[in-house]
Amino acid sequence: MANDAKRLDSRISHSGWFGGVVFSAMIMLLVSIGVTEEFGWLTAVVLGAVFSAAGLFLWMFPGSRFFVLAFANSLALYASAFFFLGIANFPHAHGWAFGVAYLLPIYFFLAGVWRHRNSIHEMSDQEEFQNAKLSGRGILWLLPIVGLAGLTFVVPELSLDRDGTSALLIAAMAAIAVFVLLDSRQICLFLIETGLLFDLLFARMGRLFRPAFAFFTLYSFIVIVFAMIFRIMDRLSGNASFTIDGLPGAISFSDSLYFSLITMSTVGYGDITPAGEAIRAVAAIEVLLGILLMLFGFAEIIRYARDPDAEGKTDT
6 MANDAKRLDS
16 RISHSGWFGG
26 VVFSAMIMLL
36 VSIGVTEEFG
46 WLTAVVLGAV
56 FSAAGLFLWM
66 FPGSRFFVLA
76 FANSLALYAS
86 AFFFLGIANF
96 PHAHGWAFGV
106 AYLLPIYFFL
116 AGVWRHRNSI
126 HEMSDQEEFQ
136 NAKLSGRGIL
146 WLLPIVGLAG
156 LTFVVPELSL
166 DRDGTSALLI
176 AAMAAIAVFV
186 LLDSRQICLF
196 LIETGLLFDL
206 LFARMGRLFR
216 PAFAFFTLYS
226 FIVIVFAMIF
236 RIMDRLSGNA
246 SFTIDGLPGA
256 ISFSDSLYFS
266 LITMSTVGYG
276 DITPAGEAIR
286 AVAAIEVLLG
296 ILLMLFGFAE
306 IIRYARDPDA
316 EGKTDT
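Letter by letter, the sequence shown follows residues 6 to 321 in this note's numbering.
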């Protein structure tokens, strides 16, 4: 409990406002480039909305450093869902309609948050809220939004013209914006609570750094050792020991590392395959070692997470 109580100690002040906005914008830059067909004004609209929304929101509610991550993640999820549904169900809408429809829920949410900012501050400062666990009741506001978004799948069946499709897109997002406005207080508290949980998650992950580093050190050591074995066996063999892209050939140093890694992880893409019996036997041994290392390695990491003081002790 003492460690849990410290999760608010790392709150960012307004001096970290710019960094939070830039981080959110970088996340959304990746999303905006991915969801739009080309660089243009729509990409600029997405980024502009992020800068303005994140700037105002993080200024009103400076939370923990991971609250920024929660907010950026929410914007990214919203953008991905919006453009997926927009492209699938409103493919003939005007470009300007996409821009307007995208901005409506964001700024309606900010308007609602601004209206309830005092009560949100009071609620988020209560110890009961800080100790609360994220529950299903905290995301009930998603149900009407998801339901309305699901109804948009009937739009392609309506055979509307471009203007009609654009108008329906804006109307649908306006309705979602109204739901967001009405539930803005609950959504904001949900984001703040998510940020607190991110604090706890990353604090616990930080305690696992040493055992995880030891695990990956041993993992990489085995990968390198077997890569060298594959390389040496291939060079000593009179015939091609591997097929690369379906053709027999010599394996290079980078190929041997790559093959050892995908063998150890049991992925096996099939672009490089062993052709000789001896190579197959060695690959099988590496697979078994990889499985055993995964089982015992994760078991030790979990054991360390539960009781760090038991490091180096043996079971009786």
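I should point out that these hints are in silico values taken from the structure, not numbers from a laboratory. Positions of the beta carbon are idealized from the N, C-alpha and C atoms, including for glycine. There could be a bad hint or two in this list.
Stated by the list, open to error - The calculated label-pair distances, taken between Cβ atoms and stated as ranges, are:
1. Gly275 x Ile144: 38 to 44 angstroms
2. Arg209 x Thr271: 24 to 30 angstroms
3. Asp250 x Ile92: 33 to 39 angstroms
4. Ser124 x Ala49: 56 to 62 angstroms
5. Phe89 x Leu213: 53 to 59 angstroms
6. Ser225 x Leu145: 44 to 50 angstroms
7. Phe214 x Ala180: 45 to 51 angstroms
Hints the structure fails to honour: Violated hints (numbers, rising): 4 and 5; every other hint is consistent with the structure.
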